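Undergrad: One line per chain: the protein sequences are F and C, in this order. Going from the first sequence to our numbering is simple: count from 1 and add 1. Mapping of the second sequence onto our numbering: position 5 corresponds to residue -7, and the numbering continues sequentially without gaps.
If you're looking for bench data, these hints aren't it; they were derived computationally from the structure. All values reported here derive from a predicted model rather than from experimental measurement. Do not take every clue at face value.
In the DSS-like style, the derived pairs of lysine-lysine whose C-alpha atoms are separated by at most 27 Å in a straight line are [stated by the list, open to error]:
no. : chain 1 : residue 1 : chain 2 : residue 2
1   : F       : LYS181    : C       : LYS47
2   : F       : LYS236    : C       : LYS100
3   : F       : LYS7      : F       : LYS221
4   : C       : LYS47     : C       : LYS19
5   : C       : LYS100    : F       : LYS181
6   : F       : LYS345    : F       : LYS181
7   : F       : LYS191    : C       : LYS100
8   : F       : LYS87     : F       : LYS131
9   : C       : LYS(-3)   : C       : LYS19
10  : F       : LYS221    : F       : LYS191
11  : F       : LYS265    : F       : LYS87
12  : C       : LYS115    : C       : LYS(-3)
13  : F       : LYS402    : F       : LYS345
14  : C       : LYS115    : F       : LYS345
15  : C       : LYS22     : C       : LYS100
If you want the building blocks of each chain, they are given just below.
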Amino acid sequence: MRNKLKERVVVSGVGCTRFGDLLETPELRGQSLQELAAGAAREALEDARIAGPDVDAVLVGNAMVHSSQLPATYSQLAKWTGTQLKAGVHFEAQCSTTNVGASLAAMGIASGVYDTVLVIGVETTRTKVKGHSPWEREPLSHQETWLWTDMAVNQAYGVPQGYDIFSTYNGLLALGYCRKYGISLEDYEKGMFEICRTRRLHGSLDPKANVQETLEEKAKRLGFANAFDLWRSEKENPFVAWPTRLMSLVTTADGASAMVLTRKDLAGPNTRPVELKGFGICARDLPWYDADPTVWEFDRRAWEEARAMAGIDASDIDYLHTHDCSHVSGIVTAEMMGFIEPGKALHYARDGRLRFDGDRPMSTHGGRHAFGHAWAASAGSDVYEAVLQMRGDAGRRQIPKRPEISVIHTHGYAMIGTVLVLGGI
Amino acid sequence: MAREEKIRKSDIQAYYEGLERGELWARRCLKCRKLTFPPTGCCEYCGAFQVEWAMLSGKGTLLFATHNIAPACHPRFESIAPYVYGHVRLEEGVVVQAIVTGIAPTPDALRKVFERGELPVVASVMKRDDLPVLTFAEAR
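Looking at chain F on its own, in the form it has when it is part of the complex (with noise of 0.2 Å):
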């Protein structure tokens, strides 16, 4: 594999919508998912001052068709963005779903066979078709929510066996993690407590984000003294993998993101393009590590894809998002490519160097437990945050020193680790 790019690609537009409900949220109250699709490509094409036609291809990720009832996106989106008469083609690689779409289309615009890319993902994981509305939705019960995405995991034996993402994903994960590293069970709590606190401080401070409300706010709320004693109760945040309580996880959202990349030459001047430097992908059925919980190979290796065709090492990365549907996955993903010292991530988090004013940002829109989580459109998400905080677009949650380098890293189910460096111009 030579595993470089022969031309150099940029991302001269991102758009993304309010993750949230679209029956309940506000801001997509009332949208069908053609228009929060193509909502959220509109501020793409708009952000890097081109129109659908100006696009060669479109490709549209869409995971859980079971919600949207919407395959054959390229299509079906074709006359709500402008994309007629262009190759399209609708993929997933559920919730790496967009970012694969980002190398896919570099691959496109490197070996010269396309000069402009629109990626689109959309997704609704709270929400689905009512009977057979064109535009009706009702709300999508937590199980089917799982049994349609557990159907991107191992159909032969995993899932009919009594495979668990809760189990699988967090509680085996952060036992593992305890042990190597001789961290008690009580310091897990108080480190998980702590990085719960930075993702809903971030999302508090991202009017895009799904939940914008801080623990302390919600244990204010609820009538708790203070946010730890919210974090230790039963009724509101229970084990649901011990040691790992509900408020570590995932949010569900419905949302849609989209980005345009295109030649570095041809990119606008009035655009502000980030340059894709690399990328990495990587995938492994279950079970996703050996004897060790803490070691995940194709993580591993997509990040040295991705690292070598950038041709950047750890100490570059000044912003990192990891897949954080699982805390605990995300600290052992920034521990491996050596963003945090292993072993030490919960300190990181105690003492705040995590957040946005942190020395070791991370995950500044909320990650998938704030800002939330809309399979397919979630990867999209945060490289629309890496792109507002290296443009100094964040607003109140900007990195006082904008990055110069970001890393983006996505587990699409199961399991497709994906890595994205963006660098600046």
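Model the placement of chain C on the given structure of chain F, informed by the hints.
TA: Okay, now just chain C, sitting in the frame of chain F:
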């Protein structure tokens, strides 16, 4: 003379039929000799399609144990959730994750298991209405 129709049985079906009998079958690669478990028609390590059936002992070591969420993500397990779910290394070296019986899915019970460290376990089969399920229990 009527032509005999040969219908190939899926490896998946063969595995579950073996499990129903209390047997744990893997595939051994004829080239690199490594085990692929649960079985497929290809070696997961070297990619060779030349594989043979190999029965496993069912003996192993429970490395970690947690529990799942209730209600369960899949309707098949609704009536037994929450259940304990473990990370097991079989004596043949294969790592497998499966339901663990004989341990309560409570923080106190799971903490005791964690503090005891690695535990010897043996495979057993849980009968569900539509499918046998591989489980492990502490070896006595």
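Undergrad: Against this structure, judge whether each hint is valid.
TA: Here is what the structure says about each hint:
1. F:LYS181 with C:LYS47: holds, 24 Å
2. F:LYS236 with C:LYS100: holds, 23 Å
3. F:LYS7 with F:LYS221: violated, 55 Å
4. C:LYS47 with C:LYS19: holds, 25 Å
5. C:LYS100 with F:LYS181: Holds: C:LYS100 and F:LYS181 sit about 17 Å apart, inside 27 Å.
6. F:LYS345 with F:LYS181: With Cα atoms ~12 Å apart, F:LYS345 and F:LYS181 stay inside 27 Å; holds.
7. F:LYS191 with C:LYS100: Cα-Cα ~20 Å, so holds.
8. F:LYS87 with F:LYS131: Violated - the C-alpha atoms of F:LYS131 and F:LYS87 are around 31 Å apart, more than 27 Å.
9. C:LYS(-3) with C:LYS19: Given pair C:LYS(-3), C:LYS19 holds - Cα atoms ~24 Å apart, limit 27 Å.
10. F:LYS221 with F:LYS191: Roughly 19 Å separates the two Cα atoms, so the pair holds.
11. F:LYS265 with F:LYS87: holds, 21 Å
12. C:LYS115 with C:LYS(-3): holds, 22 Å
13. F:LYS402 with F:LYS345: With a Cα-Cα distance of about 23 Å, the restraint between F:LYS402 and F:LYS345 holds, given a limit of 27 Å.
14. C:LYS115 with F:LYS345: violated, 44 Å
15. C:LYS22 with C:LYS100: The given pair, whose Cα atoms are some 35 Å apart, is violated under the 27 Å limit.
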